[in-house]
Structure formats: C-alpha cells, structure tokens
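Colleague: Since the structure of chain A is already known, use the hints to place chain X on it.
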Amino acid sequence: MQSNLTPRYLIIGLILAWAIYALTPTWQYQGLTDDEKEELRTSGELEQIESRTIRQGLDLKGGMYIVLEADIPTLMSNLADMKDDRLESILQSAKEKATSPDVDFFTVFEQDVKADGIKLSRYYHKYGASLDDILLALKDEADDAINRVLEILQNRVDQFGVAEPTIQKQGKHRIVVELAGIQDSKRARALLQSTALLEFYLVKNGGVTNEMIAQLDDILKETTDEAELKELADGGETATPEEPKQTDLDDDGTKTVSELFGETDSSPSDDSDETGINILADAPFSSLLAAFGNDLGVPEKNVYALKKLLNKSEVQSKLKSANGQFLFSQKSESPQGGTGVNNFYRLYYLENSPELTGGIVDEARADLGSIGGGTAGQPIVSLSMNSEGSRTWARVTGANISERIAIVLDNKVHMAPSIKEKISGGNTQIQGFGSMNEAQDLAIILRAGALPAPVNIIEERIVGPSLGADSIAQGTQAVIFGLALVLIFMLVYYKMAGIVADFALIWNILLVLAVLASLQATLTLPGIAGLILTVGMSIDANVIIFERIREELQKGKTPKAAIDAGYDRALTTIIDANVTTLIAALVLYQFGTGPIKGFATVLFWGILISMFTAVFITRTIFTSYTSRKGLKTLSI
Amino acid sequence: MRIIKETHINFMGKTGVAAIFSAVLILVGVGSMITKGGPKLSIDFKGGTQVAVNYTEPVDITEVRSALSNVVIDGRDFDFSNAEIKHFGNESDVVVRLPIIEDEPEQFTHKFVEKMAEAFPALVPDNESEFILSIVKLWPKIGAELSGDAFMAIISTLILILIYISIRFEFRYAVGAIAALTHDVLITLGIFSLLNLEVSLAVIAAFLTIVGYSLNDTIVIFDRIRENVKGAKSATLSSVINESINQSLSRTIITSLTTFFVVLILYLVGGEVIHTFAFAMIVGVIIGTYSSIFIASPVLIKMGSDS
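Protein chains in written order, with the numbering used here: chain A, 9 to 644; chain X, 285 to 591.
Among the hints, erroneous ones may be present.
To be verified - Beta-carbon label-pair distances, calculated as ranges:
1. X:V312 with A:D576: 43 to 49 Å
2. X:P383 with A:K503: 56 to 62 Å
3. X:S413 with A:S51: 28 to 34 Å
4. X:I384 with A:R156: 25 to 31 Å
5. A:E322 with X:T346: 42 to 48 Å
Stated by the list, open to error - Now the stretches of chain A that chain X is said to cover, found in silico as 3 or more residues with beta-carbon under 8 Å:
6. 189–199
7. 307–321
8. 538–549
No lab work stands behind these hints, which were simulated from the structure alone. Just so it is clear, the structure is predicted and the values come from calculations on it, not from any experiment. Even for Gly, the Cβ is constructed at its ideal location relative to N, Cα and C.
So that you can see chain X by itself, here it is in the shape it has in the complex:
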C-alpha cells in the first residue's frame, strides 16, 4: 500500500505564500499575547491555591460561585466569587483557583475544602477522601523559580541543538532548524493565547517535545538535502531541496500521521490532567511538519546564497 507515489511538487516555489501564512499566524498569536499581557500562565508559574473536588452529581458553576461569595474562615470574611471556578473534566467535578492570601489562616486549604463540602452537603461522596481530587498550592516565589527554570530549559535546548547541528551539518543548517523551532514554539504559544489556554509545566514539556519532534522531521529532510547536494553539484540548491523534500515526503506524511493519531488519542481518552499537554502536542505535530518543509528549508536557501 502506498499513500504517496513519486511526487514533483515545487515546494520552494510556494515559500512566499508560506511565509505570509506563517507571518500572519505569528503576528495574530503574538498580538493576542501582547494585548493579554503575555501568555496565560498556570498556577505552576503564578503561584496560588488550586483545589479540585468531586461532587456526586453535576453542580452549576454559578451556584458554586454564590456559595463561595461569603465564606468565613477563622473569623475572616472571604469573598471568593471572583475566583476562577470551572468544571474539571465533567460537570460534577469543580476546580477553584485562588491567589495566595497574605497571612492566611492556619490550615487554610483544608478549611476551604471543608467550605466547598458544606456548600453542597448532599453531593459530597460518603467516603470523604474521594471528595478531594487534587490540591496544588504554590507560593509565588516557587512559581518565579519554575518560570526561570522553564525559560532556561527552552534556551539551553535550542543552544545545544544549534551546536549539535552545526557539528553534524553546517552552521546554515542549524540556523534553518532553529528558525523552524522558534516558529513552532511561537505559533503554539500564540494559539494557546488565542484559545485562552494556560501554559503550565506540562505544556512547557510539550513545547520541548515539539522542539525535539519538529527537529526530527527537519533533520530527516536536511539529511536528504546533504546527500543530494553531494550528488548533484550543478543543480541549484532550491531544486535540490525540492527533490529532497519530494523524496522524503512519503516518510514525512506517514510519520506525522502516526504521531498525530497517537497524540489525538491521548487528547481524546488521556483524561483531564494531560488534556492541554496533548493539545499542545497536536498543534506541535502539525506545525512542526509544516515548518520542516516551509520554514527550515527556505531559511537554508537564504543562508546558502549569502555564503
């Protein structure tokens, strides 16, 4: 069986259209991030308290909100109605996110969970330990540290890859690859911002995997280009690249499809906890495949004509 027979598509002839497409995607995404004051960061980076609980039956978010509008904990009145309150996976699970409260009452989280239970006493599971799904509490200090770590992780990955490709290929290949990666991460970040999705630690992990995946794809094409450049000294770089992309197109599509379907399955059945991670991967697989052909290679041509 064969999806792709021999092809002779002039990919490099379409780089102009691709450049505009990418530019628009990046501009819209970055624009959205700027208007929203940066990417929407999860509790991992901002700090705060996040409590997810499990009621036995579906509850209405507005009811939860009104129940939390006046909560008394240790003699202090709290109004949590402005907090972020959402369903968590299904209608009966609720997640509430609060900022860290200054000089908060002792065992605040525990007392807050008790208030969540008191809000709908009839809907609390008999076995109380089943009521709490998860609690995350992070002081902003840790959040700042984690953002620093995540930033360092992405930068050092890019630098290491730049070095590796420079050694194994040539510097211009490395520039092409890094251009493609930056493109992928920027677009994925932009899409996250447009869809109002949160960037968490897991999403950063997804970004780095996207970096690895997109590179994988780029290098397979680069490898073909390198091989073909040696064989055909007279042809233009652009035509060699076209030939190489066409030759590896079948592989590109098959691998992208298997990876795509696998992350799609992860997205569909993997559960709430890794939902955004899987989504980032889906976006990354698509963008990564596209960028190997339409970003990495054209940049390689640009760099090649200069030298």
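Pulled out of the complex, with its shape left as it was, chain A reads as follows:
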C-alpha cells in the first residue's frame, strides 16, 4: 500500500460532503412542525424540500394503495355498432378465460372469434373489414381508453385534494393509485371507481309499472321453486317480528303496494316465516315491495332478494321485450319520522334507453340550495350542459311535461322529479345527497368526465395512521438496538480495530440513507428491516478482514504486512460473497411490489456501500495508523 493517502482522504471527504448535502433536507423536514410545513407549502418551498427527502411508504405514514383494472370486455361491448347475444356471449367467455394472469384478453378473444367463425365486421364495421384490422383498432381503442381513464382519475384525485397522490399505469390495463394519509377510504374508493356515467331516463307511469309487476309475479310464480323461495325468505324476510312493517308505514301515512296500485290482494304483513314463503310463492316479486311515498319502496333487507329475482333470465327477457328496466335509488331513506332501523330504497321502473347521456356536462358545481326553493340549505349539484345537451334537454323536457324523469348515475337513480316546464337553458340541479362531501364528489366526478371503460378495484391495501406510527416507532427501536448491539460487540471483540469497523458501519448507514434521499426512494417497513439486516450483514466484511489479519499476525507478520495481506486476501471473498446477495436483492426489486421493493432497495445499497465503507475506509484508517507510528503491535 502506498503511503501517500491524500487521494483517498479526498475521496472520503468528498463522499462525506455529498452525504451531508443529500441528507440535509431530510433533517430539515423532520424538524418542521405542522404549522411550519403549512407555511412553507404556501410559499412553494416545501415541495422543493420534499423532493429531496427520504419518502415514507404508505405502510409507515398510513394511506391507501389501490390497483384498478379497466374492464376491457365491457369496453368492447360498448364500442360495438351493433350488439347481440352472440357477441355478448363470446365477450363473456373471453373474459372468463382471460382471468388468469398470463392470458391476454385479445389473444383469447381472437381465438374465440376464429373458433366460432363469427364475423367481427358485422359488429365493428367502422374499424375495418378484416379481422386483423379490427383487432388492431380495438387494441388501440383499449390502450387509448386506459390512457383516458388515467387522465380522468388524475383529474378526480387532484380535485379531491390529497397531498402527493401517485397515479401510475401498471402493465397494459391497470392503474395504481396511492393516496397518502387518507382517512375516509369509503369516499376515496367511490370517487375512483365511479364510472360517472350520467343518464336521464323517463319514468314509466304507474299503470304500466303496476302491470309489469303483476306479470313478473306470474312469471316468477311458475319458475321459482320452493327451495329458492325458502332461501329468499331467509335472506330477506318480509318483515321482522319486533317491528311490523305494515303498521309502521300506515302510521307514516304511506300506502301498501296494493293500495297504491290496487293490484295485489294479499298484504305482506305477516310475521312468520311460514307465511312469508306462501306470500313469496303467490306474489314473489310484489311481496318484496312496499309503498314509499309515491314511489315503490324496497326495505333494505329485501334488496338482495329482489336483485336476485331481477337478474333471472326470464325476468330480464320480459323486461327487455317491454323496453323497461328497474333501477334502485342511490341510497336508502328512513320513512318520515322513522327510526332509521327499517330503511327503504326506492325502486323505479324506467324506459331502457336514455333520453340524454353523459358527455353533455359543461360544468358541475356543488352548492347549498338557495333560500326559498324546495332544497333550501340542502347540498345540491348544479349542472350546466353544452349546446348539444341543452337542445336535447329542452326537447325532452318540452315533450314530456308532467312526466317524471330519472337522473341516473352509474345505474343508480339520484332523483326522479316531475317535469314542470320546458327547460331551455341547459341548466339543471341534482339533489338527494347525504352530505356536502357527497355533492362535492359528484361534482368532481361530473367535471372530470365519464370513464370510457368501467374500472374494477382488484387490489386494495389500507394502512391506518396509528398502525403506521407504531411501525415507525418499532422499526426505529429495532434499528437502534440492533446497531448498538453490533457496535458494542465489535468494540469488545476487536478493540481498536473494532472502533474502526464501527466507524465504517455508521458511515454505511449514513450513506445508505443519503442514497435513498437522493434517489427519492421510498422507505417502507420491510425497508427498515433491510436496514437492520444490512447492519448485521455488512459487518461481515470487516469480520472477514480482521480474522484474516489475526491469522497473518499469528504467522508472525508485522502489523503492516498482516494488514496488507489480510485486506488483499479478503477482498475477493468479500466481493464474491456480496455479489450473490446483490443478485437476490436485484431479483426482489424486479419482482416485488411496494414494500418489498423498498426492502430490496435498502438491501442492495446497503451491501454495495458496505463494500466501500468496510474495505476502502477502514483500510485508509489502518494504513495511516500503522504508517504514522510504525508500531509493533496491533489492537485487534
């Protein structure tokens, strides 16, 4: 080893300077109080500092991680010029086959189309004539759709107001959303998942509705067997013993279905299960309903049973032939003066093609209803429509005065007011919100626009703020204990040399943190575990060297010769041994998600840097020590 150590000191000095520079923002940031942060945020400086600090993963600071997947089959169905059962069934079967991760939807779809001999140009003629052309165009549409979804979701989240949201595309059809520190997961979920498809349907009148209910009762009476009815009765009993629904309703001045429409004779007021089934058998459909104000009401507990009935194929085809559909109200309500125990959803029988649909919203704003109106003090959303929308809206309202029109968002009826007069300005109001937040979220969603394809949440991870705080505390504790233990051990075992190794170890930790800060890497709980592991494993290099030096000293070498021999011999061992751990860390980084990636990052840099600190730095110290004193013994 050359005695001129100046270049080595220089390198070490430079790296130390860099580490301090890289870690300063993190220091600063940790020291800030919430008020100071707010102050810096307004002046725009906080962002600068934040961009240079070690970021905490969601598992440490709490928050929500959501993976959304675009529903490509539904998009394909929406894109078709013409739809029939054949196309739907082929899309459905491709969808089922493509649930395994390695299967691409389009590959399966192409195979199915070919196997079935179906002519795609029948359904997608605007995309070309040949199968290849159409598939290529559809793939482009899908890619385009996901990009638009990404943009719209970004828009929604930005307006929602979360600090540092991340929204990224993952693979071809997925979007990963990370919302730090979010408290109301329900609201965030709804905001992300809503397709925001706004539609206006005419409500069919009472007579027609009544007739359909009677017909459905007849159909269901024939096709539903005893066992199924029993199940329905169990799943949604028509009444609960403690609170006979009928009286409740009468007290509120509401009427039964039979009173309202004068159709069904049996009144579904009995308490016992036995009779419940009988009623179900007699009038499977209407017995699940009650009157609610001037609308049909469905007690909450009957909703599931009713949805099951509505999804039966006989019912579906009956409704289809009558150009009608049943939709539920968006939320349940308690009867006037009711206790809220027996809540009702409203059920509407609507035309099945919308009068006006999505895309027409120019501006949406959440507000409180103005004083003097029917909605005074209540949250409302005011819509203004573009010119095309305004024209259609004027025509529809003009032609259907005194009819009711349902405002439907994502297949749920928000409200169904009667049309009093022709509305020509293109302005309308939506009401019926539980809170101002709800109205605000709807306004956000409407402004950002509808998603071109529905999205499904396929993965969701939420960490509460308290668990994250616990993790930080416990992780820090583990790092400090682990570090202290190793430091003390090295000191006791190797004395002076141990101090050198300890010094190198502290350097190692500092440098890892500095690298994390400058890479803007995310520190996760497994990342902290990686840091602890680095402490345990990186000391190994020094142990290998020191043991070697001891061996050489035993052979009778001078301290200087022993140190040189020890380092030279140990170097290849250290490199070979560490490269394999680096390989494991790299693979982990490649395959891992979120927290695991954090672990791999820390492990990788920890091991890599340990080779520098444990070899380069300690050797420099040793060399300057031995050359200065020309000493005869070594404290190791």
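Modeller: Using the frame of chain A, we list chain X on its own:
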C-alpha cells in the same frame, strides 16, 4: 478477545449424521406440507379480505366470533363465524380474514368494518380513523399473479447464482451452493408449515434474503477451499475442506451471531407487521450457517470425486 481459538474439528467426518439430521428435518417439513395440502398461504397469494381493527380494550375472540355469526349487510345475511379471527399483536387488536364474496354488496369492506365497530360500540376509539389498523383486499386473480411472481423470483435467483458461481468458481461449487440453498428454503418452508405460519410476500422476501445470506456464508468457505486447494495439491479434498472450514470457523460464528442477534431484535421489537418476516430470517440464519458447512461442502466432495 477471541471466541474460537485454532480448531481442528473433523467436520467432513460428521456429514453422515448431518445428512440424516437434514433429511429428517426436510421429510418432516415436506410431510407436514403434503398432509396440509401445501404451505399455508397468506392473503397475498389466496386473495380475500383482511381487516385489522383496534378496540380500546382487550376483547375475547369468541365474543367477536359470535358477534360476526349473524351480520346483515344490504339485506343479505352473512355468517362470518367460520372466518379466521385472531388477535393482532395484542389482545385489543383483532384481525378478521374473509374470502372474497361473489357479487358482494357495494362498499362491502367499509360496511363490514362498521359492523365490527357496532359489535363493541363502547370499545371503539373516539377518533374513528384510529379504529382501522389495516385493510387488505385482494382478488384471487392478483393472488395467483403474485404467487407466479414469487415462484419466478426464487427460480431466477437460483439460476443467476448458479451461473455466477459457475463463472467465478467451478460448476461443482455451484451445485454445492444450490444444494445448500434448496435445503435452507425447504427446511424453512417445512418449519413454517409445522408451526402453522403463513407464507406471505414478506416471507418470500425473507426466503430470498436467506438465499443471499446462506450463499454469503457458503462462498466465504468455498473461497478458502479454493485457496487451499491451490496450495496443497497432495492432500485429499476432504481434508482441505476440513482445514478451510476450521480456518474460517471463527468468522462464520461471529458473523452468524451478529446477524442472528440483529434479526432476533427485529423479531422481538419490530412489531406485528414484520413478525413472520423476522422469524423466517432467524430460522434462515441458523439453517444457512449449518448448511454452508454440512451441506454445501459435502456435495462439493461428491461432485469432486465424480470428475
């Protein structure tokens, strides 16, 4: 200070005993996995909903179970009494795991958490956001993808390491190292199965770290063997290996001890979330150290006598 002075232990003379010991450990572990139908997979790989909540005072699991035996969500009766319900770290935190429900009610997770709160209204923290510790919801589809990824990760790590050691050493060294690694992972998996512990993504990360660690250990010994083989052409491979292991024994023990204590601390104070990760590491450090001496080297001898 010195724990180990010069030693002359005949390690290679004890490979028979070690082989039986390892074989028994692997057979018991693998046997347990077979009878249980594979390793117990966590929600990461199976999919499902996992909700961890925090009551202000200790609650009894049987009471939680009976409270969840009849839950009505959107008019549907659910019986969750068969769900996996456990304490989470301490007596007042509870974690419930449910399978994914077909055509589940909208905002099911949220409504379920509400039911958990309603079960013990007096024990819910005033600040509601403190009630939810964590929620994980994974569709089985994602679970399948993650299992595939984890499998690929382990296989590709092994292959890359095989290549690296073949280049840096010789192929027979690589075989010895891979034998040791497979041994380590199989035994750790077996112990997990015997103790009914779940294999999660974090545990897979621990496995890969064990692979890295055990290899680290093996290579330090191999390096000594390589060095000594060059120096002593006449001696038998077995005696060279014995000498090499003895020479590096002090280092092996010190490094294993520091790493062991560090992961032990992680296990003891690191908290519930990384408990199983730390446990896997503890097992891995012990098995990894053992396998470097008693598996990797004997395999090297077997391979050496063939060539």
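Colleague: Are there hints from earlier that the structure breaks, and if so, what are their numbers?
Modeller: none
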